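Engineer: For reference, the chains in residue letters:
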Amino acid sequence: MPINIRKVGAGDPLSCTVDEAPTNAPASTETEFEKPRGISKVEIKTGYAQVRVNGLPEPLTETRLDVLEHVRNAQVSIDFLKLTQQGLSFLVSENDAEAVEEALSNQGSHVQIEHERCIVLIHAVNMRDEEGLVARVVSVAIATGIHIDHLGDMHDRIYLVTTSAGATKLKSAIEQDANGGRA
Amino acid sequence: MKIKVMKFGGTSVASNEARLQAAMRVVSTREQGYSPVVVVSAIGRRGAPYATDTLIQLLHEIDPTIKPDDRELDLMIACGEILSAVIFAHTLKTLGVQARAYRGGQAGIRTDGVYGNARVVGINPIALRRCLEEDAIPVVCGFQGVFVPEKGYPGGELTTLGRGGSDTTAAAVGAALKAEAVEIFTDVEGVKTADPDYVDYAPTLSLMSYDEVAEIAHLGAKVLHPRAAEIAMKFNIPLWVKSTFSQAPGTQIVNSDTASGSRVTGVTHTGKLVYLQFDLEGAPGTHATQVQSRVYQMMARYNLNLYMMNLSDEGFGFAVPRDQYATVQALLDGLVIPLPGENGAVYMIQLGETPTLEAETQAELLSALGEVRTVPIEITESCTMVSVVGVDTMQQPGVFHRILTALHEEQVPVLQTSDSDLSLSCLVPESELGRAVHTLHQTLGLAEAR
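These protein sequences, in sequence, are chains A and B.
Counted from 1, the first sequence has number 34 at position 17 by our numbering; the numbering is strictly sequential.
Counted from 1, the second sequence has number 1727 at position 369 by our numbering; the numbering is strictly sequential.
No more than 27 Å apart at the CA atoms, straight line, and that leaves these computed lysine-lysine pairs for DSSO-like: (1) A:Lys52 <-> A:Lys188; (2) A:Lys52 <-> B:Lys1592; (3) B:Lys1536 <-> A:Lys52; (4) A:Lys52 <-> B:Lys1580; (5) A:Lys58 <-> B:Lys1592; (6) B:Lys1580 <-> B:Lys1592; (7) A:Lys52 <-> A:Lys62; (8) B:Lys1451 <-> B:Lys1360; (9) A:Lys52 <-> A:Lys186; (10) B:Lys1425 <-> B:Lys1630; (11) A:Lys52 <-> B:Lys1509; (12) B:Lys1592 <-> B:Lys1536; (13) A:Lys188 <-> A:Lys58; (14) A:Lys58 <-> A:Lys186; (15) A:Lys62 <-> A:Lys186; (16) A:Lys188 <-> A:Lys62; (17) B:Lys1592 <-> A:Lys62; (18) B:Lys1630 <-> B:Lys1580.
If you only want the chain B side, here are some residues facing chain A, beta carbon under 8 Å, derived: (19) Val1478; (20) Ile1589; (21) Gln1650; (22) Ala1658; (23) Asn1668; (24) Glu1672; (25) Thr1763.
It should be emphasised that the hints constitute simulated quantities derived from the structure, not laboratory data.
Note that the structure is predicted; figures quoted are calculated from it, not measured.
Cβ coordinates follow ideal geometry from the N, Cα and C atoms, glycine included.
Given these sequences and hints, build the entire structure.
Structural biologist: Below is the structure:
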């Protein structure tokens, strides 16, 4: 089952000529509007490090805030924060990884930093309202067997964090599925 | 010809008085030298005699156990806008101006073929142009279009555009006619920094970018639909959100070059969600991956929508809409996931800490095959997302700390987060929503109107 519910383009029944449209106006008066459903773009962003902080002591909410305070004091900007069962996980620019490592060195918790991580960004407009689309993309990604370090979603994108080699394969698998199995 | 598209929502056409005020605005715009094109929603909101929900109810009343076909449902609910457009056009005539009502198809709006949630794929505005050339005002039914399934198909199939469809119609018609502006008239004075139901002093934003309004709308602000903002952005049409019932200037929405600068835009909320956190602690990595894979496959197969996904060494989680939770329960509770192979195992999913009778029986029967590993899911029902939207804000060091600290100090538990360049969303218990919105609005200093 392809991810794209419907694509509009040459040869698609939806891209009918004006003769088939309700009015018999010249083609030049037609304007294309909304973005087609499904995945519009898959891109890879490089230069990130993933920070995982595990084994934080209770009260967990407060100890998570301590971690974030240390990162703030180091003047480091973070992305894609996720709360985990024993701590938290987020991304920083690879250039800031050392500063984060230093800032968290006295935390007494287990800090793990994965370097040279890439983000695979899968764009699809209003994807949370497209039934099953988010789950489909993730299931395709997991089925590749590539280790995914981190993942998340917003209303118009999913991100998957992995190694550089993994990112290329993930991108290819997701694009292939979006194209109905065609490479 | 200077064209201005004016869209009036349900409350703006809910009564004769309201409709007359709306019509007077159209006449006034015409007198200012513009050629107005009107787009209308159905009359009134939930419970009103011709509102969309009332029309749907007419079908459900026949037999609530049988779901109406999406195609028939679209034909039914489109009647609300047709009535509204005809009545509005006639109201304009009583004010001495010529006006003509148009269904979506007559206005040349073509969509894809997804009933109930169609997308506009093209507009041929020839009928609207001719109407304007004849010095009449076109009144277009919002929320609807036609789908032409195949060559020679007569008339096309009526489709509706889904939530916020009339805003989308207005923006699309504005783009097709190269309008000078699209004005969305509603019952509030513009885009607010928060839902006035929770922050009654929330000020109206005077200027914002298309990106900002699309983000704020995607994340719950109901004043304008994000699809309308996206169309306006694509065609660079100035968009306004104004009140039908006041002379307040409203909110102007423009491109990001015009509305530049770092700022927090507002606090929004959306969704009735159930959060599921799967506990895979102790499962070998390959097993954890296979369990995740099966669960996501199931979610995809049954067209379930996921929010706030996360993944760690100890497990994974996501939220689902509350109206899909019954399906999720039926799918997952007691679900057996056999992992074949030399290092195989049998996993069984269990909703909640205590197994249901079904899950307990399932585990007992499976024990004959060897060890069954249980994957408990922690369920948090009645959650919602509260989000902060801002420009060049989410990248600033300490923003996550500031937001999460503010919520913690007000004892609002945060179950999960999700973020992008323009926003940070927190999943919180629905019971804490009011406090969460109010706290963030105050912490971020949004009381001062821009």
